[in-house]
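**Q** If you want the building blocks of each chain, they are given just below.
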Amino acid sequence: MSHSISDAKPAAGVPPVTRLAGRRLPRWSPLAIGVGAIVVGVAIGAGAGLKSHVQWGLIALILFVAGSYAVTAQVEGRRQAKDRVATSLIWSSFILAVIPLYSLVETTISKGAKVLDGTFLTHSMNNVLTIQPGGGVYHAIIGTLEQVGIATVIAAPIGILTAVYLVEYGRGALAKWVTFFVDVMTGVPSIVAGLFILSLWFVLLGKAPASGFAGSLALAILMLPVVVRSTEEMLKLVPNELREASLALGVPKWRTITKVVIPTAIGGISTGVMLAIARIAGESAPIALLVFGSNMINTNPFSGPQSSLPYYIYQQYGNGNDPSYDRAWAAALVLIAFVMILNLVARGIARWKAPKR
Amino acid sequence: MTTVETPPTAPPRQAATVTRPGDRIFSGLSRGAGILLLVVMAAIAIFLTVRAVSAISKDHGNFLTTFEWTPSLNPPVFGIAVLAYGTVISSIIAMVIAVPISLGIALFITHYAPRRLGGPIAYVIDLLAAVPSIVYGLWGALFLVPHLKGLNLWLDDHLSWTVIFHKSDPNSAARSLFTVGILLAIMILPIITNVSREVINQVPKMHQEAALALGATRWEVIRLSVLPFARSGVISASMLGLGRALGETMAVATVLSASPELSAHILDPVGGTFSQNIVAKFGEADEFGRDALIASGLVLFVITLLVNGAARLIIARRKEYSGANA
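For the record, the sequence lines run as chains A and B.
Heads up, the first sequence is in this note's numbering, so the first residue is 1 and it goes up one at a time.
Heads up, the second sequence is in this note's numbering, so the first residue is 1 and it goes up one at a time.
The set of hints was computed from the structure by calculation and includes no laboratory data.
Glycine included, each C-beta is placed from N, C-alpha and C at the ideal position.
Any given hint might turn out to be false.
Quick list of simulated restraints, FRET-style, between CB atoms [to be verified]: (1) A/I95 / B/L227: 47 to 57 Å; (2) A/E241 / B/H147: 55 to 65 Å; (3) A/T130 / B/D157: 35 to 45 Å; (4) B/L117 / A/W352: 53 to 63 Å; (5) A/F302 / B/H158: 54 to 64 Å; (6) B/I92 / A/A208: 27 to 37 Å; (7) B/H147 / A/L242: 53 to 63 Å; (8) B/I164 / A/F302: 31 to 41 Å; (9) B/A316 / A/L145: 33 to 43 Å; (10) B/I35 / A/T130: 39 to 49 Å; (11) B/L36 / A/G206: 17 to 27 Å.
Just chain A, with the same shape it has in the complex:
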C-alpha cells in the first residue's frame, strides 16, 4: 500500500509535502476576512455616498465571499475555496430568513403596544368612528373564540376518527384514497373553502350566509386534514406490543383503541389539535366571505354577522388612517400572542406527555 501512495504523488504532479495534512488557514481567518469585508464595505458605501445601509451590507457580503474564495484558493486550493463559498451562501440564506421574522415581530410589538391596554381588550368598535382613536377588539375576540371553538368541535372528532380508521382499520383502496385526499385537502386554499360554504348556502338555503357558524364550517374544512395528519403520525408511534397485549387479554378491538391506543397517544393528539387551532385562528379569507364582520358584540354564532381577530385586522387596515392602523397593529399583536401561546402550550404538552424511553 505504501508503495502505491509514493507512486501516486509524482504522477499527480504535487510537490512533495512534508506534513500529512495540506496547508490550512488558521481558524480565525473567516472572522478576519469578515471584519475586513465590513470595513471596506462601509468605506465604499460611505465614500460613494450610498444612502441605504442594506447596500453597504450587500457590498460587504460580496467582498466577504470573494475575499474568502481568493484567500482560500491561494492557501488551501480551489476545492476548499468552493466549500468556503458554499458555507457562506448557506449561512447567509439562514440569516436572510431570520431578518423578515425579526422585522415582523419587532414592528408588530413596537407598533401594537402603543394602543394595547385593558380598554382595547374589553371594548368593541360600537359607536367608534374609524378616524377616531379608541375602541377595541372585544367583539372580535369573542367571534374568534366562538368560531374556532365550533370548528374544533366539528373537526377534531371527525379528524381523530379518520386517523383511527387509517391506522387501525384502513386496508385497501378506500384507505389509499382517504390518505391521498387528506394530503390534497391540506392544500385547499382558505378562500376556496369559504367559496364552497358560500355556494352550499346558496344551493341548499337559497340565501347568503352571514353567521359565525358558516365561518366555522369553512374553518373546520381547513382544520380537518391537519388533525388527521398529526393524529395519524401519533397513532403510528404507539408500539404494537401494547395493542397485542390488550387483544391477548381478550379486550375487544374498539376497547383496545379507546382505552389503550388513544390514551397512549393523547399528548401528541392534543398537540396536533392545538396546532390546527393555531392555524385556523389566523384565517381571515373565509370570514370575509361568510361572516362579514360587525362592529358590535354578537355572542350568538348562529345568527347575525360577527367579527374575528384576523378579519378585524383586515377591516382596520382597509380604513386607511392612522388610528385604524394602530388598532390593526394592536390586534395583530393580540392575534400573534394568541397563536404563539397555543403553539407553546401544544409543544409543552408534547414534551410533557412524550413517551419515555
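Model the placement of chain B on the given structure of chain A, informed by the hints.
**A** Chain B only, in chain A's frame:
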C-alpha cells in the same frame, strides 16, 4: 394425547371472536369519518361547479381571455386572464426566491449549524409558519412596501433594459407583483424548508461518510451524495410551497393595488390574483357577481388540486424506494 385433540376445536373459537356489536359500531364510525372526508372533497368540487357553470354560461366575454372583471355590467363581461397571469407570475417570483433559500436553510440545519443549535433554529422557522397570513399582509403593506421602494428604484435604474424590471412610473408605490412575490416567498419558506429537511435527513449516512472518507469537502458531500438523493423530495416540497403561494389571499389583497392590466413590468402596481380578486370584489358583488367569483375560485381550486396532488404523488413514490435503501 390432548394436544392431538385440540386442533379441531380451534377454528370455531376463532370465528366467535370476530364480530362484537361495539367493534362493528366503532369501525363503522371511523370508516364513516374517512368516507365523510372524501364526500367533503367531492362536495367542494360539485357545489363550486354548479354555481360556476351557471355564471360562465351568462358571460358575454371569453372567460379565459377577458381582462376585465365586470359581472355587474349588462351584459356581464368577466374573465380570468389578468388573474391567472398575476397568480402565476407572483408565484414564480416567490419560488425563485424561496426555493434556493429554503434549501440553504434546510442544509444549514442538517449539515452546517452546530448540532445544539439545529433544533432551536428549526423551531424559529416553524414560528414563521405560525404567523397568520393577515399579519404578513399588514406587515407587507405598511412596512415592506415603503422599504422596498429603494430596491425598486435601483432595479429600474440598472436593470430597466430587461423589460421585466422596467418601472413605468418610478414614483408609484411598490404595490406590485414583485413585492407580492417577495412576501409570498417569506410565507412559503417554512413549508419548503421543513419538507426538504425531512428528506435530507433520510439521506443514508453511509453515502455521506463514504464521500468524506474519500476526502470530499463538505460541499462536495452535499453536491455528490445529498442533493442527488434528495432531489425529488425537494421538488415536491417546492410544489407544496407553490400550492400555498397560489392560494394565498390576505397578504396579496392588502399589498397589491389591483387593476385589470396585464403588464410584463413586474414592478408596476397593476395586476391581480385569483384570491385577491375574490376578496376585493366580494363586498360589492350581487348574487350573480358572487357566482362569477365562485367560477374563478373553481379554477384556483383545480390548479391547487393538480399542483398538490402531483407533489404528493412524487413524495409517495419516493417513500417506496427510500424505504428499500434505508
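**Q** Determine for every hint whether it applies to the structure shown.
**A** Quick rundown of the hints versus the structure:
With their beta carbons about 22 Å apart, A/I95 and B/L227 fall outside the hinted range of 47 to 57 Å. Judged by the Cβ atoms, the range 55 to 65 Å given for A/E241 and B/H147 holds: they are separated by roughly 57 Å. Taking 35 to 45 Å as the suggested C-beta distance range, the pair A/T130 and B/D157 conforms, at roughly 39 Å. With their beta carbons about 24 Å apart, B/L117 and A/W352 fall outside the hinted range of 53 to 63 Å.
For A/F302 and B/H158, the hinted distance range of 54 to 64 Å is satisfied, since their beta carbons lie about 58 Å from each other. Between B/I92 and A/A208, the C-beta spacing of about 35 Å keeps the proposed range 27 to 37 Å intact. Between B/H147 and A/L242 the CB atoms are about 55 Å apart, so this pair conforms to the stated range of 53 to 63 Å. The beta-carbon spacing between B/I164 and A/F302, approximately 51 Å, falls outside the hinted interval of 31 to 41 Å.
For B/A316 paired with A/L145, a C-beta distance near 38 Å keeps the hint of 33 to 43 Å intact. The supplied range of 39 to 49 Å is met by B/I35 and A/T130, whose beta-carbon atoms lie about 47 Å from each other. Distance hint check: the CB atoms of B/L36 and A/G206 are about 25 Å apart, consistent with the given range 17 to 27 Å.
In the structure shown, a violation is registered for the earlier hints numbered 1, 4, 8, in ascending order.
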